[in-house]
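So the protein lines, in turn, are chains A and B. Each residue of the first sequence is one higher than the last, beginning at 0 in numbering that gives the first Met the number 0. Each residue of the second sequence is one higher than the last, beginning at 0 in numbering that gives the first Met the number 0.
One or more of the hints may lead you astray.
[Claimed, not checked] Simulated coverage check for chain B against chain A, where a stretch passes if three residues somewhere in it have a Cβ under 8 Å from a Cβ of chain A:
1) 8-21
2) 276-287
3) 347-356
4) 464-470
[Unchecked claim] Below, simulated BS3-like cross-link-like pairs (lysine-lysine); rule was C-alpha separation at most 25 Å, straight line:
5) A:Lys221 with A:Lys417
6) A:Lys152 with A:Lys303
7) A:Lys199 with B:Lys305
8) A:Lys417 with A:Lys334
9) B:Lys305 with A:Lys303
10) A:Lys399 with A:Lys334
Honestly, the hints are just simulated from the structure, not real lab data. As the structure is a prediction and not an experimental result, all values here were calculated from the model. Beta carbons: idealized from backbone N, C-alpha and C, even for Gly.
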Amino acid sequence: MLQPLTMALRAVWLIRHEPGTPLCGSVRFSRRYPTVEKRAKIFNGVSYVPVPEDGPFLKALLFELRLLDDDKDFVESRDSCSHINKTSIYGLPIGGKELWPVVAFLRNGMIYASVPLVEQTLSPHPPLISISGISQGLQLLFSIQDFLYLGQKTDSELNTKLSQLPDLLLQACPFGTLLNANIQNLLDNSNFASVTQPQKQPAWKAGTYKGKPQVSISITEKVKSMQYDKQDIGDTWQVVGAVTCKCDLEGIMPNVTISLSLPTNGSPLQDILVHPCVTSLDSAILTSSSIDAMDDSAFSGPYKFPFTPPLESFNLCYYTSQVPVPPILGFYQMKEEEVQLKIAVNLKLHESVKNNFEFCEAHIPFYNRGPITHLEYKVSFGQLEVFREKGLLVWIIGQKFPKSMEISLSGTVTFGAKSHDKQPFDQICIGGTAYVKLHFKILDYTLTGCYADQHSVQVFASGKPKINTHRKLISSDFYIWNSKAPAPVTYGSLFL
Amino acid sequence: MGPLSREAWAQRLVAFRTSPSAFMAGADGEDLGRNLLNDLRSEKLTEQTKVSLLSLSLEYPAELWPDPPAAEAAATSLLDALVLLPPRPSALRKPLLLAATTVLVTGGVLSPTSGASCRLLPLLLGLASGRDVGRGFGPISEQRPLQATACECLRELESCKPGLLGGLLGLLRSLLGQEGPIQPLSLLLALSLRDTLVIQSRSGVGLQGLLVSGVSSEGGSWDWTLAEEGAAHLLPQAPSWPTPNEGECGLAVLEPSPEEARELRAAVAQLLDTSYLLTPVAQAQLLWLLGWALRGLRGQPPALFKPQLVRLLGTAQLTLLHAVLALKAAFGEALFTAQDEALLLRRLTLAAQHPSLPLPTHLFYLHCLLSFPENWPLGPEGEEAAPLLLGPQLCRSLMPSLLHDPMALLARLHLLCLLCAEEEEEDKGQLQSPRQYLEELLAGLRQRAALDGSPRALATLCFQASYLVAICLVGQTKVLTPLIHGLAQLYRARPMLAPHLVDFLDQVSPELGEPLKRVLQQEVVSRPGRPEALRWHLQMLAKVAEGDAQSAILSFLQAAAAHCTDWRLQQALLRVCRALLQAGGGNGLTHLLQVLARQLEDPDGRDHARLYYILLAHLAGPKLGVALDPSLAAPTLASSLVAENQGFAVTLIVQETPAPIRLSVGPRMPKGPLPVLQLHIEALEPIYSLELRFRVEGQLYAPLGAIHVPYLCPGHPAHSLFLPLQPRHPAPTQLEVQALYSTPAGLTCHAPLPPLSVNFEDLFLPFPQPPDGVEQGFFEGLWDSCLPKGAESRVWCPLKSQGLETLVSRHLEPFVIVAQAPNNYHIAIRLPPASMLLLRLEAAQVDGVPVALRTDDWAILPLAGDYLRGLAGTE
């Protein structure tokens with residue numbers, strides 16, 4: 000049979016989740032594609048379900064995503080154990096039939112939803128992998144999300160962006176087939192000289208840059224960790240890096256090669272994902288993976304990325320890395336003694352880490368308990384801030400660890416009666432299960448040692464560009480679990 | 000009416016978008032489409048307002064112009080508006096082109112006979128090829144964006160009418176080679192190339208040089224031939240994701256000539272070589288299109304794609320990686336060696352958990368892993384399974400943990416289950432086997448669900464995970480036994496999860512469900528717990544109460560009854576009784592129901608208990624089971640008893656149905672002390688315990704007894720039944736008949752049957768035969784006894800072809816006292832209860848016989864007269 004494979008979308012919605020209001024949400028934007036709908040009707044045959052109006056769609060989607068305020072009772076169509084969703088693709092009951100596939104996810108209080116065209120009958124559901132519109136639908140929603148939240152801070156900014164969407168989608172997706180996932184770019188196009196040369200102009204680059212050539216490379220590493228201080232459970236930590244580039248270069252297709260290097264004792268980069276503008280990759284980069292056991296033979300660079308840059312700032316690559324030790328190693332001991340909790344925290348900065356923070360804090364939350372009514376404590380370094388109502392202690396360590404590199408906090412905490420509305424329920428921190436979460440940032444530093452050497456940046460374009468490089472390390476999901484109680488483990492923790 | 004103001008339009012558009020159907024049904028609905036087209040030409044409205052009008056026609060053309068003539072007119076009007084634009088830059092040209100295209104497609108008017116189509120197509124082609132299209136197409140700066148827009152419009156038209164651009168392949172190729180906008184032209188060429196290949200292969204012809212033909216339609220008419228052939232294939236589609244081993248599936252195999260093959264290869268290579276100039280999403284579309292176009296074409300090695308793959312495998316851009324998977328599915332081993340396959344799988348595994356990618360992407364890749372198009376799949380097609388090359392090492396990074404989002408947890412849990420299923424054979428007693436990890440994970444989920452105040456979503460997740468394990472690991476007692484006990488413990492900790500457990504029991508197989516029911520039953524009866532848990536315990540028992548532990552359950556219920564102070568609890572209690580009733584009842588239950596019928600506070604509850612008691616006392620076990628079988632509707636009425644009654648009225652109250660029975664009167668049987676009606680009965684369906692009830696209007700007959708038939712089965716010969724009649728007067732009548740019976744399903748049915756007639760002659764009985772030689776004297780004695788209180792008459796009984804002898808032998812044989820065949824007969828008929836009819840048929844002639852008749856009951860004379868006169872007619 001003829002499969003036109005046009006990867007099209009039948010409709011797109013943006014829905015603001017508004018808990019506490021009668022409908023629990025409102026449609027902020029919607030767009031339908033009737034020519035695609037026409038094809039859906041033909042291809043889906045008897046299993047065709049028309050795209051509903053906004054009202055019924057809103058209701059059905061919020062119910063399915065459990066975003067209505069009526070979670071109290073067991074509802075079979077939503078809570079049945081066999082109603083299992085393992086992807087962001089849903090079937091919505093609409094007028095006694097099922098609208099499927101609905102691609103939807105919630106981010107920052109906004110629900111992004113679309114219905115891709117499936118060019119075959121829907122009963123039984125074909126596997127998602129065979130539906131080209133699924134990845135296109137997700138991609139469009141990601142693009143809209145990026146556009147809405149790039150630099151957006153206030154509601155009025157959001158509203159401005161929402162009002163720009165219809166015009167932008169007319170360019171990015173005129174007939175329901177996505178042409179360009181970089182919506183922000185479409186808006187910025189006017190800033191660049193349009194091309195009149197007959198030379199090949201990439202569709203992802205609307206014009207050319209005119210001005211002083213320069214290349215900015217910024218490496219941001221996030222370190223996450225799970226520390227248990229237990230015999231049978233190994234600590235885990237991982238570095239996740241992102242390399243962002245902005246290349247202001249003249250010419251239609253300037254070629255650039257950026258090499259990332261490691262110092263001799265640096266940790267190899269793994270799981271490298273590159274931007275589609277990268278033209279080729281060394282097979283060692285392609286295969287270097289955290290899945291394999293580490294050994295000395297691991298490829299340790301330099302990691303060369305030849306590419307033709309787009310106009311805008313973009314993420315050249317992402318990577319992960321397994322550094323030999325976590326930057327800060329600590330333990331947390333918390334014990335319930337009659338009416339109060341006894342706590343002890345110890346943190347030690349590893350000697351190899353640059354002891355110069357932009358900030359460093361340890362957050363010690365107490366979940367599923369009442370507000371803090373009484374606190375006695377002792378810190379060897381820094382200050383402690385108490386947020387009584389939130390049940391939170393923040394230990395402000397500051398810019399530097401002391402010479403010993405080791406600091407400690409001990410104390411006792413007493414709590415008032417628990418009130419459910421003020422203290423949200425935490426699913427993990429039940430009973431003695433508790434954590435300290437570290438928040439820190441170190442500028443001009445990476446944990447892997449990874450850096451982009453100015454001299455290794457090759458640019459094949461007119462004029463010698465100025466090259467700026469930046470580095471920073473920030474913490475992300477850096478947890479130290481109470482070693483006196485059970486803690487959630489990941490599979491990896493059990494193999495050490 | 001003049002044009003609406005900007006504000007009025009803005010209000011209308013908002014009202015329309017809120018609910019298009021409601022707006023169209025309203026007062027302004029009918030004129031909306033017409034007003035919109037008119038106001039597009041109004042000079043009072045700003046371009047911005049007109050753009051918003053056009054965007055409405057882009058989204059809702061079918062609502063605005065619902066039928067083909069309206070769509071044709073609207074498209075024409077849109078094209079007119081386009082031509083009339085002043086030759087300066089305008090934001091309207093693009094949306095006008097898009098709108099005209101949309102309206103033609105959705106109105107179903109795109110065809111050679113449509114004037115608007117014949118205007119739009121050459122216009123689009125002219126714009127797409129960068130030709131001067133004349134008036135109204137603005138400054139040069141607008142030409143290039145419009146060129147791209149025209150390509151998009153053409154592509155949409157081709158999508159909706161495959162083959163439409165088949166004649167333009169050569170032109171599109173040459174445009175791509177020149178300076179046309181690369182992305183729209185590439186996609187347009189790829190789509191029409193693919194459509195042409197499919198359509199041509201179906202008709203068994205090659206490309207016929209289409210790829211190299213020059214510009215043909217300049218000025219000439221549009222070629223619709225291929226589009227007409229393509230339309231035949233635009234039908235509801237069957238699933239079509241290929242598996243690599245099915246060979247040249249899907250498309251009919253097309254064998255292009257060497258020359259064509261070369262041209263085709265050149266065109267595809269041209270498209271692929273410049274594909275890096277397309278946006279990633281457009282590259283993905285191109286790869287899907289070309290992949291599917293070349294699949295099934297002989298002499299087109301997929302190696303053309305190879306250079307692209309090296310570039311694409313490094314990225315985790317969602318649409319690109321998806322397109323690579325599509326190529327993998329399309330070409331299998333021909334494009335991906337075993338090493339390539341392993342690398343792709345590694346990249347996919349990596350992307351499925353890369354911290355830099357968002358959750359929906361992870362979830363999609365996890366799905367792709369379980370549906371990975373392997374070169375040599377082992378398992379059954381279409382079933383989710385871990386690919387062979389995804390060993391434990393790769394899986395390790397995809398293990399679930401409590402910290403994951405619920406969907407990620409379930410997706411990863413599925414993978415873990417598949418791993419555990421494989422592990423079964425080779426349990427190596429590792430320090431931490433996947434199975435142990437699975438158990439700990441489930442225990443963690445239960446712990447969270449058990450916590451007081453934890454949200455319902457956590458409980459749901461826990462049961463979904465348990466269900467997933469239950470279906471993936473059927474028969475693995477090492478996993479299922481701890482699961483059963485864990486769930487029972489969870490119930491003990493938080494009885495309010497009863498609805499989840501009831502649902503779980505409904506979903507899982509008996510292999511897991513039966514032992515779980517037993518454990519839960521034990522859990523409830525052995526630990527009555529706090530009174531606030533009673534409601535849940537009762538709900539749970541109603542599900543799990545079964546035959547074997549009745550006494551424990553009954554004592555639990557007896558103790559519980561005292562706490563059942565409100566209506567809801569009483570109903571819950573009664574529902575457990577109902578479950579026990581269904582399981583067969585028992586003495587203890589009889590007692591309990593009696594107690595409840597006396598003690599419950601609520602009268603509704605008492606009535607209900609009494610009803611159950613009565614049912615238990617009066618119905619046999621199987622019947623009780625059937626009676627209680629229909630699921631009980633939630634009592635929304637004031638009385639649960641009413642609701643309950645509605646529930647099993649079906650089974651206990653007799654059903655009125657049309658009868659599956661045929662009943663007829665058989666031959667007469669004049670003997671014995673009373674007249675007996677012989678009935679023949681046939682069943683059209685199997686029926687049991689049939690009772691036939693008869694009723695006579697008025698007091699003519701004594702009440703008739705019912706007839707019982709134990710079993711009737713269709714296809715058997717008619718069954719004979721005998722119905723004794725007890726007339727109080729010897730008169731004909733009609734019998735009303737009703738049937739009452741059971742169906743094989745246990746329902747009791749009632750059916751009225753057509754009435755049966757009892758004729759005068761049906762009441763005839765003979766006198767005892769007098770001894771030989773005294774017959775004449777006997778007859779004369781009777782004859783004389785009739786008068787004076789009786790009546791006498793003479794009747795001419797016509798004879799047709801039959802002689803008198805035949806007539807007598809057919810109708811009156813049993814009653815003949817004296818016969819002097821063939822012409823003289825003396826006949827005596829007894830008519831219950833106490834009458835007689837005597838006939839002398841003497842000196843018969845050819846055409847009739849005179850009959851002298853006497854009776855001791857004057858009232859029967861007219862009946863007898865009618866009977867005799869009618870005899871001839873009955874022949």
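Check your understanding: Okay, which hints does this one fail, numbers in order?
Key -> Hint check: 5, 6 and 10 fail, others pass.
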